[in-house]
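Undergrad: In case you want the letters, here they are:
Number of protein chains: 6
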Amino acid sequence: MPFTEETRAKFAAVSTATLTTVLLKRGFRNVFISDLKLINPGAPRLVGPAYTLRYIPSREDLDHPGVFEDRGHPQRRAVEECPPGHVLVIDSRKDHRAASAGGILVARMYKRGVAGIVSDGGFRDSPDIAELPFPVYHVAPAAPTNLIRHHAMDLNVPIGCGDVPVYPGDIVVGDGEGVVIVPGEIAEAVADEAFEQTVFEDFVQEQVMGGRGIFGIYPPGPEAKAEFAAWRAARGR
Amino acid sequence: MPFTEETRAKFAAVSTATLTTVLLKRGFRNVFISDLKLINPGAPRLVGPAYTLRYIPSREDLDHPGVFEDRGHPQRRAVEECPPGHVLVIDSRKDHRAASAGGILVARMYKRGVAGIVSDGGFRDSPDIAELPFPVYHVAPAAPTNLIRHHAMDLNVPIGCGDVPVYPGDIVVGDGEGVVIVPGEIAEAVADEAFEQTVFEDFVQEQVMGGRGIFGIYPPGPEAKAEFAAWRAARGR
Amino acid sequence: MPFTEETRAKFAAVSTATLTTVLLKRGFRNVFISDLKLINPGAPRLVGPAYTLRYIPSREDLDHPGVFEDRGHPQRRAVEECPPGHVLVIDSRKDHRAASAGGILVARMYKRGVAGIVSDGGFRDSPDIAELPFPVYHVAPAAPTNLIRHHAMDLNVPIGCGDVPVYPGDIVVGDGEGVVIVPGEIAEAVADEAFEQTVFEDFVQEQVMGGRGIFGIYPPGPEAKAEFAAWRAARGR
Amino acid sequence: MPFTEETRAKFAAVSTATLTTVLLKRGFRNVFISDLKLINPGAPRLVGPAYTLRYIPSREDLDHPGVFEDRGHPQRRAVEECPPGHVLVIDSRKDHRAASAGGILVARMYKRGVAGIVSDGGFRDSPDIAELPFPVYHVAPAAPTNLIRHHAMDLNVPIGCGDVPVYPGDIVVGDGEGVVIVPGEIAEAVADEAFEQTVFEDFVQEQVMGGRGIFGIYPPGPEAKAEFAAWRAARGR
Amino acid sequence: MPFTEETRAKFAAVSTATLTTVLLKRGFRNVFISDLKLINPGAPRLVGPAYTLRYIPSREDLDHPGVFEDRGHPQRRAVEECPPGHVLVIDSRKDHRAASAGGILVARMYKRGVAGIVSDGGFRDSPDIAELPFPVYHVAPAAPTNLIRHHAMDLNVPIGCGDVPVYPGDIVVGDGEGVVIVPGEIAEAVADEAFEQTVFEDFVQEQVMGGRGIFGIYPPGPEAKAEFAAWRAARGR
Amino acid sequence: MPFTEETRAKFAAVSTATLTTVLLKRGFRNVFISDLKLINPGAPRLVGPAYTLRYIPSREDLDHPGVFEDRGHPQRRAVEECPPGHVLVIDSRKDHRAASAGGILVARMYKRGVAGIVSDGGFRDSPDIAELPFPVYHVAPAAPTNLIRHHAMDLNVPIGCGDVPVYPGDIVVGDGEGVVIVPGEIAEAVADEAFEQTVFEDFVQEQVMGGRGIFGIYPPGPEAKAEFAAWRAARGR
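Chains as they are written, first to last, in my numbering: chain A, 1 to 237; chain B, 1 to 237; chain C, 1 to 237; chain D, 1 to 237; chain E, 1 to 237; chain F, 1 to 237.
If we strip away everything but chain A, and leave its shape as in the complex, we get (with noise of 0.2 Å):
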């Protein structure tokens, strides 16, 4: 199913609390990976497919820093031909004592056209990437290089980040909150359904932040639900 832009802006008008609540109801219960950190904050929303890196642990003989040399390193890879608007998502076996990647990596991928990166493990040089207007999710800063604990292994294979299933072409969405892996199959309903939610929900943070009860409103009842209705139509949502 194409990924188009309108489903694209709908994610990012939406929650990941949200979107949690939307899977729930289509059985979906581990969805959100849990503990990861936007590394800048002021970075725009996660949304895109996902691309895949699959990380083993490191192996003295076979990884060492002379690997880099060769551009069919999976690492060096998925950095240059991740395409852009995707997310990169690295499983890194929840394991943040040394990098999933650093600064110059993130920032290519950034300069490329990438829209975000997620790892279950940590990144290095943290600091720069707090500068870029990328947003970027780790567990932990990693200062140790990569190799000393991950041997790059796969490019776009199903992974496990964080313990939540991902597949190639799932959505990825994130926001300050943190990120949840949206089956692609059904990511454009899902996207539907969060926006209107999120239109309603708007409609009852307004009433309690006006000194209404949550009672009979949250979750509506008949006549929350009519007036949800009027004020849904004098704001044109």
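What the hints contain is simulated information worked out from the structure, not anything from laboratory work.
There may be inaccurate statements among the hints.
Chain copies aren't distinguished; within one or between two, either way the pair holds.
[As the list claims (entries may be wrong)] Straight-line Cα separation of at most 25 Å, DMTMM-like style, residue types lysine to aspartate or glutamate; simulated pairs:
1. K37 x E185
2. K25 x D63
3. K37 x D61
4. K25 x D61
Starting from the known structure of chain A, fit chains B, C, D, E and F onto it as the hints suggest.
TA: Showing chains B, C, D, E and F alone in chain A's frame:
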């Protein structure tokens, strides 16, 4: 024992660090909830009697979105019934893989005059919560909806929160460092002693920042005690 | 080997990430202390030789508030004896349930010209510490007073800090990412090599931000090496 | 729904593994308490309705050896009041640093005809408990007396045990692998289905041990179903 | 390099401890999978080339009981295709909250002549597995069925198992202590050296049990080396 | 205070559980090392004064196989110098990813008359150690050689072992449950009191196994005290 405004003001003027020292002198070693973060660092200080909510793990047949239709649902009752000036303390069993509550419920408690919220789990909509001038403490953001992990069981029973015992009516005090639970029976005396201790520490801090060493003053010898008395008198504290 | 101002300046100009790469080339894989946070992100860079303090678990009969009357207490001696320009590194056994030290002691070390403090536990009064232009690293705030968990045992013996070996005189370098321990014997050579590596990475970063790909430049082929030589000459670096 | 001897016998004849499969088919994913060990591997199978005890963290002033003088102390009441044939399930908040109970109390429950005990903490006097023909499950031995960490709060309320919800009257089933909680409302149906499933798996196991491959039989195709029917009829099961 | 019966026999005669020493001398520091338990302590020694199975986290729509109807399901293929004499090594992402496999599949692999099974998760039906004369290693029993956490993704690709890299064809050796992964390329040389080292350690152990001190013999000085040569000659080893 | 054979015998006759109760009455809450396993369950009881060994994390340049040539190496000195009748207690920083020691060194200590060994890490050659009639406690088997993680630093200094303080000369007592550290200064009094307490608990256990309830006897009322006195007199204990 009534919780007076004077006692509240004293707690708001002392640090959680000082409170742990005062409590240790009375034999209490386990009063600080570790690993909490204050979502909005710009919020006012957290002080108030504890009102508790106990979660147990959720079960698929009992915990579905329909449960919130019931006005007797303990989470929703907590939101509407936690008395103004009190602090809602939630036993989330140190599990932040799903939310203890979300932005709309938090906003409602803020509007109702609740003093703040503490959970040893996580909140969803944390970026929205960060906009409110309202102290909310948790372990990490948790976008997934409550029902995925938590079942609201009881209101206002003694609980554990982050391995610390919390009895209804205990005084909850938070600052930029975290949250301390003061047994309700001794709250006034603890507030008084901590307030006194703070005046002394302000004196020491001023001396140290002026270049003085710690020996003889921290802890104070007879000479430093006299100096402190004079310093205090001069400032009318 | 004397620790010169020139070496200090070089360390202050390179990142902890670059240092881990230089150290890996010399066979050192375990030099970065993971999971540390810098309390005051606005503090100057941390550089200096290690002066160590070893804690063991406290015991109720030995560790009571009265111990601080003793000027020979190792924690208090550390505060007054850690040489100016050195870094106090504390082995807190990765336990941040009680404080490694508090605001007054930290302020005293700052005033005495100590270069900074690192603990694999936590500090209390962390909001006050955040006000000082002084680099202090820990795992998480810890309001409970020291005695609840820690007994100060030794000064300036080799220790572990966050699973990394630290020998007195090793060079401690911190940035926004965390802290690296450089074996003292090779500190000057490491500083030199890291400084050179940094110039090259600045060149690469500039190229990448200008839109260039990483192949052929990172790592550099013969052409990129020539370009870099010219770039460097032009900038007098 | 009454818990019949027939249902008890069926539960005693099926494995916890089979029960998790039957429960998954009904939508229950979180029914097995991980990381438990059976103290006496030679004990009879554990089956019985849950009777619960809830601990919260202890507090130094409330939890001292004198509390056991009080016959209303919930831990002591649990020992004398847990009905024969029931299983005492203890919410120890996954903390095995102090005991959930000790050998004398366990012996008393054994003598009273309690069916067994489960805690997500630890028991003390575990070598003595290992001598009783009585199923007791915990995470690890815990010599320190209860009061150091635990305060007995409530009897027979819904609890969490090892992240699994446990309601009074749920059926607790244990084997050499661990403990499963079966919702009380569906216990009879689950026992029936698990019993049937076990007959089939006995058939498959016999076939596999005879050298047959798993395809076509596990899961069974039409032919294997017919073979199974014949096998079963021949054995009168 | 072919894996000969002679090499297999040597591996079966040396301990995992000795293998880690031999591998460290060749620069390999990360070869032992920690925290594994051997389910049947009476099983024969585990030795064989690795055949791998990679799991990722399961997803509710893709992982339901019906998937096992498909003979192409990677878990079921692993059971029928892992070559005799090989060891199935499973990447379960260190998650033992659901089973890596169960008793019937393990029995089938035993019957097919597989050399053994290793998972960094857990097996279900572990009491049945303990009855087979077949070496199976896991972290802890896991009754819940596979699908609750695991999705079988790939066969015979490089994986991580318990933070250790495992490449197809690496030699897997297990004893009562745990499991070591020997890189396939150097397996023969490692087996030879470990076998030699074991003869020497048998000599030392005999000396020590006879009352001799370790100095001069462990490590050996020139005199002990001569003694060892004589001891060895006398025994024809 | 000399450690007499009579005191040793009393410690060998009481459980670690009873010792924690006696120590709690004297204000000691942190005396039991959690998560230890006894490698040889058939070994004699562990009792003796602590002789300590402190490890720090290893460093690649300092910790290579050649270090064992040096007879001054603290690990090797510990093996030859730990006094007969004493217990070697090792601070392994709770890291069992590499061995605290191996079978040959353990055998040597056994032969030298050392009373036993305790580490909060792991031992290698644990299957061999399990053959010795010698009490050795650790967290889990650890095949990798010591040098990969540990550097032996000091002999007989105060240490932490599993978060418990251990001072040279403290009395170390182990049973099937784990290990307790008794401060040396009060060892004799603690042994006496624990011995008395054990006689009483034997009485209670006998009563309970005879069918009596716990109320009035555990803790004992006046009547039970009289009964106990008679019971004791009758048995000459």
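Undergrad: Look at each hint and say if it fits the structure.
TA: To see whether the hints hold, each was checked on the structure:
{"no.": "1", "hint": "K37 x E185", "in the structure": "neither (27 Å within a copy, 37 Å between copies)"}
{"no.": "2", "hint": "K25 x D63", "in the structure": "between (44 Å within a copy, 12 Å between copies)"}
{"no.": "3", "hint": "K37 x D61", "in the structure": "neither (33 Å within a copy, 28 Å between copies)"}
{"no.": "4", "hint": "K25 x D61", "in the structure": "between (48 Å within a copy, 13 Å between copies)"}
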